[in-house]
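Residue numbers (my numbering), protein chains in the order written: chain Y, 96 to 412; chain E, 54 to 347.
Source of the hints: derived by calculation from the structure; they are not laboratory data. Treat each hint with caution, since some may be false.
No farther apart than 27 Å at their CA atoms in a straight line, the calculated lysine-lysine pairs in the DSS-like style are these [unchecked claim]:
#1 E:71 to Y:344
#2 Y:239 to E:78
#3 E:78 to Y:383
#4 E:78 to Y:234
#5 Y:338 to E:298
#6 Y:336 to E:78
#7 E:332 to Y:396
#8 Y:344 to E:144
#9 Y:383 to E:144
#10 Y:403 to Y:333
These are the residues of each chain, in order.
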Amino acid sequence: MASTTFRVFRFQPDSGDLESYHQDFSLDHEEKTTVLDALLRIQNEQDGTLAVRYSCRSAICGSCACKVNGKTVLACMTQVEEAKAESGSSTLQVDPIGNFAPIKDLVVDMTSFWEKFKAVKPYLIPDGPAPQKERLVPKAAMEKVAKESACILCAACYSECNSLAADPEFVGPAAFAWGYRFAADERDAQRKNRAKLYSGQHGIWDCTRCMFCNERCPKGVDPRDAIEKLGAIAFQEKVTKDKGARHAKAFLISMRTGGKLNEQLVGGLTDPVGGAFNAPLALRMLQKGKLPASPLTHRVKNRDQVTKLIKNVKETI
Amino acid sequence: MPRQFAYYPGCVAEFSSKELNATTKALAPLLDIELLPMPQATCCGAGDIAEAKPNLYLTLNVRILSEAEEMGADILTICNVCTLNLRRANKMVREDPRLLEQVNGELVNAGARPYRGTIDVTHLLWYLATEEGLSLLEQRGPKGLGGLRVAPYYGCQLLRPSSVMGFEDPDRPQSLERLITALGGEVADYDGKTRCCGFPIILAREEVALRESHVALAGARDAGAQAMVTPCPLCHLAMDAYQRKTEQLMGEEYAMPVLHLPQLIGLALGLPTQTMEFKRHFTSVDEVLQTVGA
Numbered sequence: 096m097a098s099t100t101f102r103v104f105r106f107q108p109d110s111g112d113l114e115s116y117h118q119d120f121s122l123d124h125e126e127k128t129t130v131l132d133a134l135l136r137i138q139n140e141q142d143g144t145l146a147v148r149y150s151c152r153s154a155i156c157g158s159c160a161c162k163v164n165g166k167t168v169l170a171c172m173t174q175v176e177e178a179k180a181e182s183g184s185s186t187l188q189v190d191p192i193g194n195f196a197p198i199k200d201l202v203v204d205m206t207s208f209w210e211k212f213k214a215v216k217p218y219l220i221p222d223g224p225a226p227q228k229e230r231l232v233p234k235a236a237m238e239k240v241a242k243e244s245a246c247i248l249c250a251a252c253y254s255e256c257n258s259l260a261a262d263p264e265f266v267g268p269a270a271f272a273w274g275y276r277f278a279a280d281e282r283d284a285q286r287k288n289r290a291k292l293y294s295g296q297h298g299i300w301d302c303t304r305c306m307f308c309n310e311r312c313p314k315g316v317d318p319r320d321a322i323e324k325l326g327a328i329a330f331q332e333k334v335t336k337d338k339g340a341r342h343a344k345a346f347l348i349s350m351r352t353g354g355k356l357n358e359q360l361v362g363g364l365t366d367p368v369g370g371a372f373n374a375p376l377a378l379r380m381l382q383k384g385k386l387p388a389s390p391l392t393h394r395v396k397n398r399d400q401v402t403k404l405i406k407n408v409k410e411t412i
Numbered sequence: 054m055p056r057q058f059a060y061y062p063g064c065v066a067e068f069s070s071k072e073l074n075a076t077t078k079a080l081a082p083l084l085d086i087e088l089l090p091m092p093q094a095t096c097c098g099a100g101d102i103a104e105a106k107p108n109l110y111l112t113l114n115v116r117i118l119s120e121a122e123e124m125g126a127d128i129l130t131i132c133n134v135c136t137l138n139l140r141r142a143n144k145m146v147r148e149d150p151r152l153l154e155q156v157n158g159e160l161v162n163a164g165a166r167p168y169r170g171t172i173d174v175t176h177l178l179w180y181l182a183t184e185e186g187l188s189l190l191e192q193r194g195p196k197g198l199g200g201l202r203v204a205p206y207y208g209c210q211l212l213r214p215s216s217v218m219g220f221e222d223p224d225r226p227q228s229l230e231r232l233i234t235a236l237g238g239e240v241a242d243y244d245g246k247t248r249c250c251g252f253p254i255i256l257a258r259e260e261v262a263l264r265e266s267h268v269a270l271a272g273a274r275d276a277g278a279q280a281m282v283t284p285c286p287l288c289h290l291a292m293d294a295y296q297r298k299t300e301q302l303m304g305e306e307y308a309m310p311v312l313h314l315p316q317l318i319g320l321a322l323g324l325p326t327q328t329m330e331f332k333r334h335f336t337s338v339d340e341v342l343q344t345v346g347a
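Here chain E stands alone, though its shape is the one from the complex (with noise of 0.2 Å):
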């Protein structure tokens, strides 16, 4: 019987980043994961509408989490900013009784379903890396990476603040390591992995933002990494992408594929690479499609 979640892929991988929520979605079945549809869920409005209208932030969310209850099932993202956003708003109005109570009264008002607080919100990587979860890719017996050399890339909002994430410690994160690991590939370790890509002010600062990957994809490349890999479509967009126009600015060259997540799963457990449309990543993966046997 498949593990059934809540599918909340967000924004960017539903539309700019298409080629994460395919290979999500061809994934599923072979991790024995059923994904449920979300009709009704918004956008969680990322830091944006916190920083414009915090209670209408707080208020959207929670009626993301009450359709997932309604559903019946936790909730499963492969986005950093949806993980961050959506346990926030879970942390508040679970701590918060009268808040929650607040919150309800809005929805009920909008004709929106009241939400109760039984759901949790995951995401792919943490469902992944742990005890089960790995024991899960190996019962599916990856063909492996072939010791592709890939750089961990964790970004920032998956991993703080932990007092709301929480699943590993914000300054020595391991769980994409352990994945890297279990798959057959090299970590290629480096400094940069959990600061950030820049990309929430890329559109307003986009020199700032640039500056901000840089420090990531020269040390990924300083660490000798034939690929990185992110949890994150977000970090993806800056580091795949925008990375010319960093390379332009820095005056320096990266040649960095970047892999999401499931991707990297994928080629570890042969899905097919039209699958996971690598046609439409800015950076060329062919080498490694070719290291891993692709």
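One chain only, chain Y, in its complex shape (with noise of 0.2 Å):
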């Protein structure tokens, strides 16, 4: 047997308390007990009040998420004794995941979630009539999307991405993941639409690279390298007018002149209009030399092979 202390996040505004507060419950329980199992012996035992969302206890439904020491899980695939371990703690905190308002104690409010879900048109739409028995896909077709398939939903992604923490507008991993899963099925007619629709404001151009989505999903999901090849969905689409593209090939030139980065080019590619905005800061870089003097500057030796492998190197998304 062992035991633990559960500090467990509080929040039941229909009670007319509307502060949030941690209350500590503790447990003796089995070695081998998880998170999800550990909550709701407590709100069995200690106090029926407590609002867990849960449903499969399998990790396949991704209604248990929550944060546990303050990183994102699946409470029902998370062992009570390793998570101890992992944090070097013999307390747990369980709190609601991050980027939602609560409703009720561990319980938020997804509607932002799905609703940005249902955005990305999640679904196939292909094109003519439908083929009178099947549409039968070859198996290296499927092995594209089939890590984006995996996604459950359970917004561990969404719960710790610093963009959305930056801008709640921002459409996240989760529904990129499965937006890409469209996109590249081969069934689906609408590729082109598909780029320019995930590519406006608070689109894949918005995903800061802080890697947490990778990081946190339990599925192996990697819903930033889903938002990278969605980029490269819209460059093939030539979809690039958005400065988060126009960025991206301002790199590509950038290594087509000279093989590095070139800052002043790059800069000025992204957003020309908007820069002049920028004027007292390009001028302080300037002061500060930071910017190139020069756009040519920067040359690798062998620089002919750069070129030939840009040239040759074709992309297979």
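Two chains, two frames, a set of hints: combine them into the complex.
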């Protein structure tokens, strides 16, 4: 047997208390108890008002995502003793997932998450009449979207997304993983439209690449990689008007001209209009020697190899 | 005999943040490191070329790895982004022989050397934050940081994804703390040290990016830090060059000097301040220099 103190986030506005707080519960439990089992035992044995969202208890439904000692996990696949050992603490603090407003205790309002999920059109939109029997897909084609198909919409990625914390309108990693899953499906006929849909304000180019989504995903979906692949699809479909896409294009031009990043070129090509409003900063950058005098100064040895690679390498997304 | 590395400073340290490159080069002999130049190495492409042309991104990074392999030395970087991209490419081709064969086909067609997969990529922080590295610093007899209270700022891409980076726990990293303490500084701990500085989108989505860097700057300030230290030149630009803009947007003052990791080490080892080119910083480091007696 083991013994653990659970410091649980409490928020019960329906009882008139609009302030949140943490409440400690002590529990003796088996060595192999999961955080979800522990929470349910606390609910059953100590405080029936504790609100917890869960369903399958098998890491499939995604309902029980929460923060354990600050790290977003699925409560049903997190062993209490392992979490204690990992954090080096005998107390486990359990909080609701981040970037959401709590409704009651560990239950959060996921309305915005589902709205964004629906907005990416997470379903196949094929062209032409439906076949009599079925649309067959080669195994290799489905392997391209296998990782993203494993998303269970638990919102662990969304919980810790740094772009979302700064901009609540950002569509977010889970929805884009689903977006890629359909954009890259060879039965779908909306590749270009999807590229446009996902490239707008708060879209794929707003991802700040903090990599929390890849780190936290309990199913190995790697949503950041999906966002990256959606960028490649946008390029293939020539949907590159967004400043984020122009930034990526500027890198390519920079690589073509000398093989190295050229800050002057990248800044000017990413946002020539908005850049004017940044003139004081640009001036200070120049004063501090942080902008190159010429956009053509950086040349690597054997640059012809780079030129050939840029010309020859074919993209397969 | 110094440890030889193929030195990959990355584009930002070579151009915008030359003070980082200069300090690293000045520091290397004191750390028994020989930095071998890589004249053929291109930009790693950051996340940008990966977002536009992923196969090209992979091939360009493997070409960099191949140059180091020809030199017979592992790669040492001083940039989080370069570290992630080179390690990621390395992992991809090492784990998939068919992919390596395809990439090598492209390299050979372009006249470049094929890669065998023998190179490792490390960051200066990782090299120094081991027991061996820390004892190396101790042997150098650091004059110390005089109790300077320093906020470690890791940024993102040196920690995550841990499946690629793997040096330490991405949620509870300790390498910077170990170095700060070993060099005679005090650690100002705060939650924002592993969050994003926002730099990758600072040109395209400036306000969102500044809101991200605010979290770290405010956290460090509230923890009573006299300076932040970062192992990444992009984080440095976001925190230092854009600090005034963040202050204007958030209506708060940070007045936070931000040091490149080699500068912090250089201060502790008594490297001349001129060599470290603090004049290139936006936020004054005068008080830091006073505290450490430089």
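Hint-by-hint comparison with the structure:
1. In summary, the hint linking residue 71 of chain E to residue 344 of chain Y is supported, as the alpha carbons are separated by about 25 Å, within the 27 Å threshold.
2. A C-alpha spacing of about 44 Å is found between residue 239 of chain Y and residue 78 of chain E, which places the hinted pair above 27 Å, so the restraint is violated.
3. With a CA separation close to 20 Å, the supplied pair residue 78 of chain E and residue 383 of chain Y stays within the 27 Å bound.
4. For the suggested pair residue 78 of chain E and residue 234 of chain Y, the alpha carbons sit about 51 Å apart, so the restraint of at most 27 Å is broken.
5. Taking the CA atoms of residue 338 of chain Y and residue 298 of chain E, the gap is near 20 Å; set against the 27 Å cutoff, the hint holds.
6. With a CA separation close to 40 Å, the supplied pair residue 336 of chain Y and residue 78 of chain E exceeds the 27 Å bound.
7. As the CA atoms of residue 332 of chain E and residue 396 of chain Y are separated by approximately 31 Å, the hinted pair breaks the 27 Å bound.
8. Using a Cα cut-off of 27 Å, the hinted pair residue 344 of chain Y and residue 144 of chain E holds, with the two alpha carbons roughly 26 Å apart.
9. Taking the CA atoms of residue 383 of chain Y and residue 144 of chain E, the gap is about 38 Å. The hint is violated against a cut of 27 Å.
10. With a C-alpha separation of about 22 Å, the suggested pair residue 403 of chain Y and residue 333 of chain Y falls inside the 27 Å cut-off, and the hint holds.
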